[in-house]
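Peer 1: The residues making up each chain are set out below.
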Amino acid sequence: MDWTLLAERLFGEHHGITRDGDFLRGTVEFDDEPLAVIGTTAHAPIGVQLALAQARAVLDVITRHPGRAILLLIDTQGQQLRRRDELLGINRAMAHLGMSIDFARRRGHRVIGLVYDQALSGGFITSGLIADACDALPEAEIRVMRLPAMARVTKLPEALLAQLSESNPVFAPGVGNYVAMGGVRRLWQGDLAQALREALADAPTTDRRAEDGAARGGRRLAASVVQRVLDAA
Amino acid sequence: MTTSYAECSARERLALLMDAGSFHEWLPPAQRLTSPHLGQLGLPAAFDDGVAIGRATLAGRAVFIAAQEGEFMGGGVGEVHGAKLVGLFKRALLEKPDAVLLLAESGGVRLHEANAGLIAVSEVMRALLDVRAAGIPVIVLIGGANGCFGGMGIVARCADHVVMSDTGRLAMSGPEVIEASHGVEEFDSRDRALVWRTTGGKHRWLSGDCDALVEDDVAEFRAAAIAALDAAKPITLAALEQEHALLASRLSYQGAEAMPLWASLGVPDTAHIPDLDVAAVRGLGVR
Chain W
603 MDWTLLAERL FGEHHGITRD GDFLRGTVEF DDEPLAVIGT TAHAPIGVQL ALAQARAVLD
663 VITRHPGRAI LLLIDTQGQQ LRRRDELLGI NRAMAHLGMS IDFARRRGHR VIGLVYDQAL
723 SGGFITSGLI ADACDALPEA EIRVMRLPAM ARVTKLPEAL LAQLSESNPV FAPGVGNYVA
783 MGGVRRLWQG DLAQALREAL ADAPTTDRRA EDGAARGGRR LAASVVQRVL DAA
Chain S
10 MTTSYAECSA RERLALLMDA GSFHEWLPPA QRLTSPHLGQ LGLPAAFDDG VAIGRATLAG
70 RAVFIAAQEG EFMGGGVGEV HGAKLVGLFK RALLEKPDAV LLLAESGGVR LHEANAGLIA
130 VSEVMRALLD VRAAGIPVIV LIGGANGCFG GMGIVARCAD HVVMSDTGRL AMSGPEVIEA
190 SHGVEEFDSR DRALVWRTTG GKHRWLSGDC DALVEDDVAE FRAAAIAALD AAKPITLAAL
250 EQEHALLASR LSYQGAEAMP LWASLGVPDT AHIPDLDVAA VRGLGVR
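Protein chains in written order, with the numbering used here: chain W, 603 to 835; chain S, 10 to 296.
Hints may be right or wrong, so weigh each one.
[Said to hold, decoys possible] According to the in silico footprint, chain S covers these stretches of chain W (three or more CB under 8 Å from chain S):
| no. | region |
| --- | --- |
| 1 | 638-644 |
| 2 | 693-705 |
| 3 | 808-816 |
Derived from the structure by calculation, the hints contain no laboratory data. C-beta: ideal position from N, C-alpha, C; glycine also.
Generate the whole structure from the sequences, applying the supplied hints.
Peer 2: As structure tokens, this is what we get:
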């Protein structure tokens, strides 16, 4: 969904979210409470600069508005694939973004991620996947890597991967699979404002994803392996 | 006589880095805990899913430790592999060892378990940060032939302390992936010198992305790990602001070449850096 349409459906025409390049930022009134909105659009590649822009916005909320809830709007093609970004430590910038969001959570800010268009690995792992909970729109797509690149790296035939991505939740890009695996908590259907209201109301403070994946049958081993490590003699 | 860290297997590293005979493994290969996803691809599984975890002592101190095996799927993080790491961090919260050590050697998410691997890496990240929030330092050692890439490159930078050898590599995307995406002019993955200038231990040390630089020698890694046992760095708002200022200052650097970047950091005679041994690099007085 286009971000402006999403913003209007969530917060009305005068939502106050502004776009600067691929970076989205704003403070909206939601149910008479201020809510910080931070995100990206246009399938943004997340490089050092865009990781830092998001981290700056998170740190500003922590400093100026203790406790204010944060909504992360996610639309990314993944990490920026440039040598300059690697030279400058893109992994460190991503870690800094993730740690800033994690710190906000620990300071009592509710942080909700929403994949409203597409999400790929590097741009996603230190935003939505490190929030209290990550939700998605039903038409959104989440994947680790595009199939041609995945075929090249794994040396598996692209046709096999294409076939698996039709049927196998581990490979398929649909958000429904991420719900089954626990990586996405739930999909926002119908009244989006009501969905946001519910997302903020029951934001978990601990990582429930492995248990959710086991309960929903999409990721059967993770939770039990964690428990086995805890119980091992 | 030195022993190359890069040439050791994960279990050899555990045996040589920790106090002799002190490593006690949890969920060892005898328990045959394998990936549920590799069989459908016709790929062999490993009975430890490519990572060994357990407790040990280091210079007499109680530590928890994990070692990724680069020979198995490039150290890629799958569902079981990731859950073993998460379990180790969660157990550290309960039993409070003096530190958690991660011998990282990984291409990141195991693409053969795509979605499950991605979620697993993010769970590792959160579990690691829980351990840091409890005041237990997390120390990452990087010196394996496969480097530390992708999600594990991010995980490494979430730790309190990073030790690298000069042959170690730490980055996000591998040079092959960048070359495939933007062409050989962007990143020639077969230019070894370029790859090391961009992602290798010396560059990471000169720019401050690792805390200790060692030779490719198990004994040096052990000494650096012992020295880091009390290196807990609490994550505070002030620490995050300091980190932000450091990273933001990098944006003013133009270009993608390492040597002018080193020069801007005050490194003399940058053309000779690749030829220097580790002691000489540490002796430059840059840090």
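Peer 1: Any of the earlier hints contradicted here, and which numbers?
Peer 2: 1
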